[in-house]
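Using the hints provided, position chains A and E relative to the given structure of chain F.
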Amino acid sequence: MSLGRSMIRVGAEERVRGRTIFGYDLERPGDLHLAAVRADQAPARILAIDPGPALALPGVLRVFTAADIPGENRLGIIASTRDHEFLAQELVRQEGQAVAVVAARTLAQAQAGARAVVVRYQPLPGVFDPAQALREGAPLVHPERPGGNLLHERRILRGDAEAALRDSAVVVEATYTTSPLEHCALELEGGRAEYVDGRVVVAACTQNPHYDRQDLSRFLGVEPERVRVIQAETGGGFGGKLDLSLQPFLALAAWHLKRPVCMRYTREESFRATSKRHPLVMHFITGADEQGRLTGLQARILCDTGAFASYGLAVNMRAAVHASGPYLVPHLDVVSRAAYTNNPFTGAMRGFGVPQIALAHEGQMDALALALGRDPLDLRLQNALRNGQATGTGQVLRSGVGLARCLERLRPIYRRWQARAASGEDFREGVGLAAMFYGIGNTGVSNPSTAQLEWGADGRVTLFTGAAEIGQGSDTVLRQLAATRLGIPVEEIDLCRGDTDRTTNAGATSASRQTYISGNAVLAAADNLEMQLVQAARQMLGQHHLELELRGGRLAALDGRRLEPAQVARYLAGQGQRARGAGRFDPNFSGLDPDTGQGRPYAAYAFAAQCAWVRVDTDSGLVRVKEVAAAHDVGRAINPRGVMGQICGGVAMGLGMALMEQFRFGQTDNLHRYHIPTFLDAPRITPLIVEEAEETGPYGAKGVGEPALIPTAPAVAAAVGRAVGRPLRHLPISLERVMAALTHEEAEHAN
Amino acid sequence: MSRFIHAASLAEALAALAPGQGRVLAGGTDLMVALRAARLSGGDLPAELVDVAAVPELQQLELEGPAPLVGAGLSFARLAADPGVRARYPLLAQAAASVGSQQVRHGATIGGNVANASPAADGVTALAALGAVAVIASAQGQRPCPLGELISAPYQTTLRPQEVILGFALDPLPARTGQVFAKVGRRQALSVARLNLAVCLDERLQDPRLALGSCFPTPRRLAQVEALLRAGRPGPGLWQAAGEQAAAHFTNVCGWRESAAYKVPAIRRVTARTLAQAWALLGGGS
Amino acid sequence: MDLCLTVNGQPISLAEVPGEASLLEVLRGRLGLLGTKEGCGVGECGACTVLLDGRALNSCLTAAWQAAGRQVTTIEGLAQGGHLHPLQRAFVETGAVQCGFCTPGMILAAWDLLQRNDHPSDQEIKQALAGNLCRCTGYHDILRAVRRAARWLREGAP
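Protein sequence lines correspond, in order, to chains F, A and E. With this note's numbering applied, the first sequence corresponds to residues 1 to 751, in that order. With this note's numbering applied, the second sequence corresponds to residues 752 to 1037, in that order. With this note's numbering applied, the third sequence corresponds to residues 1038 to 1195, in that order.
This is chain F alone, in the form it adopts within the complex (with noise of 0.2 Å):
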């Protein structure tokens, strides 16, 4: 049995040997290239576009502007917020936007024309902060629009928080930011399409090719049978790779053309044209009574949209329902807005928010630990959430609470470490805790997962599935929960994935939700599967009441008798039949009460706690970060080598998050400018996977992906803040900041 086994990843072979095809590999001889021209001002208003000079260019043979797009120019994954003008039709509302495209016959003939078509531009005024760009007057991101800039106001109301607040023994307050990230997946986009019998075939990095093509198919104005997209083999996405990028100007080209068309983006274009982590102002104020259960929470949290919607709904959503913190909170009174500016658009990266309001909860307990004299574990464990309790929109957990489980697995390392953190004359060493809930799947909504399994006549299982694979492992996990399921061996199984034209809709990869979502739809195609093949066999052996399951890869009759399954398929291939099963899973969840927030917007969640060990030079201001340890309660390790990668990757990034990162547009424009953690800046990691089997959960499963990053950004935070002793609610924690705290520090001393 292969369940809970590590497994060596799917493709990992060909991956050492340098064969795999990315998206970005995929340009082929005669190939058209693509490249857009993008707006290097905003807002403004488009004058004028001139191809002209460009299509005067050897090489460039067509120049397409909004103007060319025969269908819906509006794109986005959620319908309601529909607002991403791929080619800006009138108004450019954020630098970088794209105001054509050029095809030519090479890379460089096309990326000449780019520059050589002329556009001008009316210079409009422009709202770059939030807060401001609520305000009565500002300057209107989206004019048509109704609402003005506000794009989202979720709240979540449970009792009275500010009688609660008012009759605490120590209250807290404070205000916690986050920076706009760059998600730097090591592969840069990448694309190719064809038109094939009057069909535009797409095929590129993605993590959702079935969202894809739905909207490639508004974006043309076609039927969605008319389009198929391919997922390529995906080199890492982190919700970069969630929003089309280059999809809808391949289709364009291609259906246009009717000629094979390729694109990629350079790393700079990368940067300038796709969508960064949701910058967030949070001001919150949490309670607590002498013996340290927390009693109520006001928080009003403020997200930057940027000029597109995006998945801004979402991460404003996912704000509001986990300020929280994975803790039982009676009184609730959170308030969580997002606001259109014409920064750069952000979207889904890595936890929807659920990093940044961390930051914040996690910040809260710390200070509420300090102003109880309490140790912040105990404090944290005192008021973890258990089974049985309910969650701030009311949601009773049944099963699968696993924060308590996770803290207790810390708490020897934790000490340990806290009695071994030195300082010296001039370093200090901190260390720190955090702990995080993360609801799997979308909020709120239906998020279905569909899949099939067919068993060959040649006794080969094929399993089909729209999942995309980026990295994280969904294709060996998937295949694992079948072959356990069929009872074979999981090498006995093929996989078809991510082709829209021979697997149905997984749904994203994003959410941390394709091993639970995908991983049940699996499940009930193994369970529809053996139905099918009982059926069948009973009609091959004329005995229609025949007792048989499926069992060991074989199927079992009661009277002993054993009939391989291949044998079936092949009774039923000889009646134009196949012995394929479907299944659809669709998390069990309600909508969220529009006024009070009230609601079970997730079917499951996942818990962790990380402790981070830190050392400060106090000359430079340099941390560096010696030790993680992260327990993660996953429900049940499918895979464990994969869950302990997800772990440590995400502890990477968010170290990142925490120490270095930070978007600005125009100055960050690669990555020699904005720095990700190298070999030497990540620390040494101990992955603990924690199993608090979730009931609905594929064999107990849950998920880890998101998870993975969130605890680490306010775990190092702590811990920096425990050297330097003061908090550090700003990330990233620079070079500048810890300098500022340590300054203050001798300001306070000379005083």
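If you are wondering where the hints come from, they were derived from the structure by calculation, not from laboratory data. This one's a predicted model, so the numbers in the text were calculated from it and none came from an experiment. C-beta atoms are modelled at their ideal positions from N, C-alpha and C, and glycine is treated no differently. Hints should not be assumed to be uniformly reliable.
Using 20 Å as the maximum straight-line C-alpha spacing, the simulated EDC-like pairs for lysine to aspartate or glutamate come out as follows [to be verified]:
{"id": "1", "chain 1": "F", "residue 1": "K258", "chain 2": "F", "residue 2": "E223"}
{"id": "2", "chain 1": "F", "residue 1": "K626", "chain 2": "E", "residue 2": "E1161"}
{"id": "3", "chain 1": "F", "residue 1": "K626", "chain 2": "F", "residue 2": "E425"}
{"id": "4", "chain 1": "F", "residue 1": "K626", "chain 2": "E", "residue 2": "D1159"}
{"id": "5", "chain 1": "F", "residue 1": "K258", "chain 2": "F", "residue 2": "E194"}
Calculated from the model, a selection of chain E residues having no Cβ within reach of chain A, i.e. all distances over 12 Å [unchecked claim]:
{"id": "6", "residue": "I1049"}
{"id": "7", "residue": "T1099"}
{"id": "8", "residue": "H1120"}
{"id": "9", "residue": "R1188"}
Computed, partial: chain F to chain A, Cβ under 7 Å [claimed, not checked]:
{"id": "10", "residue": "D619"}
{"id": "11", "residue": "M660"}
{"id": "12", "residue": "D681"}
Relative to chain F, chains A and E alone:
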């Protein structure tokens, strides 16, 4: 489109550069970035790229004797690993080891680092502390040029298109010195220096050397700090005073900019610490 | 004049290679060796790492003509026939590969290290690979892979 010329000798290199349309390519690690940017923006490319990697004169390394010389074509990987450099000019070896990544150090050269003239160039700060004078060759002959004259402004040099840097004459140092190169970046590797510092002390503090980079338009020696060190008694008090002096110099030159809130305390503290470390290498206590 | 070089043991001759063309462009665009990846174009990510006469360098920062008359090894040239190089095997077995985009460069940088130092400390491994960015793994399993490969190369693979 640029023509690529492999120069097998100095004469070939200078002949290729004589028309003034070429660019010297040593390791290529800065030049290729510039060429890529030019290609993406539609800028001009040099008519010729003159590869000087095979020119023997640029590969000289003379460390002993009265006229030490480091060839401009030596890679940072070589300078970081060379036993002679590590023994005689350890601050240069340390600076070389702190540049970029292993892959970059294999290509990047000390001469290219100077010619690129970044205010944060680690190699330039190290060379400045060692009193380096560039030896510059052209078809007309050779000329010495102190580093401070060669680098005129950020990313600008007085090097003429017909010229190539042959190497750097270094000051001979006393037999025993304490040398430390210190660098502060935003992460543990692959970082541009937020500040870098090269310190060389002798046992009697007769000729203390201290150069600071990433704080001024070009890395420079701090003469006032060196004077203070010469006049003082070695010990924590002196290192602190030198740190104060270095920070004051920074404020005098650059004014109180936003970055000063960080740089002033950082220069003060890192300078004091680096001096203490260098002194400790000479057997002195902190 | 044709650019002549040896790639993965094969002598290659290429016409009309511009002086400014990077080795990366030529390997991918002219020779179809797509295992060498481009992640930034400015020498910052290491995804384009190849071996030039056995030394790891960024092929995006190297002019193709700098490789004239020299030996270039790309990831495609590392396995001997059907047999993976011990580094490749160790990467597969330890889970050092997630999305796999950084993997070829990472393996070649590690190859360079192990050739010079068959018993590297963890710190030496981290230093040698600090020029190769990975966004998926947190480097944890890559460190384990390089340690394991070093042991296999010293002691013979099991």
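These are the hints, each one checked on the structure:
Using a Cα cut-off of 20 Å, the hinted pair K258(F) and E223(F) holds, with the two alpha carbons roughly 18 Å apart. The straight-line distance between the Cα atoms of K626(F) and E1161(E) is roughly 16 Å, inside the 20 Å bound, and the hint therefore holds. Distance hint between K626(F) and E425(F) is fulfilled; the C-alpha atoms sit about 18 Å from each other, no more than 20 Å. Distance check on the hinted pair: K626(F) and D1159(E) sit about 14 Å apart at the alpha-carbon level, within 20 Å; holds.
Annotation: proposed proximity of K258(F) to E194(F) holds, straight-line Cα distance about 7 Å (limit 20 Å). For I1049(E), the shortest C-beta to C-beta distance to chain A comes to about 16 Å, beyond the 12 Å cut-off, and the non-interface label holds. Residue-level check failed: T1099(E) sits 6 Å from the nearest beta carbon of chain A, not beyond 12 Å. Once the 12 Å rule is applied to beta carbons, H1120(E) is consistent with being away from chain A; the minimum gap is 26 Å.
For R1188(E), the shortest C-beta to C-beta distance to chain A comes to about 21 Å, beyond the 12 Å cut-off, and the non-interface label holds. Among the interface hints, the one on D619(F) holds; its C-beta lies about 4 Å from the nearest C-beta in chain A, closer than the 7 Å criterion. At a threshold of 7 Å, the smallest CB-CB gap from M660(F) to chain A is about 5 Å, leaving the interface hint in force. At its closest, the beta carbon of D681(F) sits 5 Å from a beta carbon of chain A; the interface hint therefore holds under the 7 Å criterion.
The structure fails hint 7 only (numbered hints given earlier).
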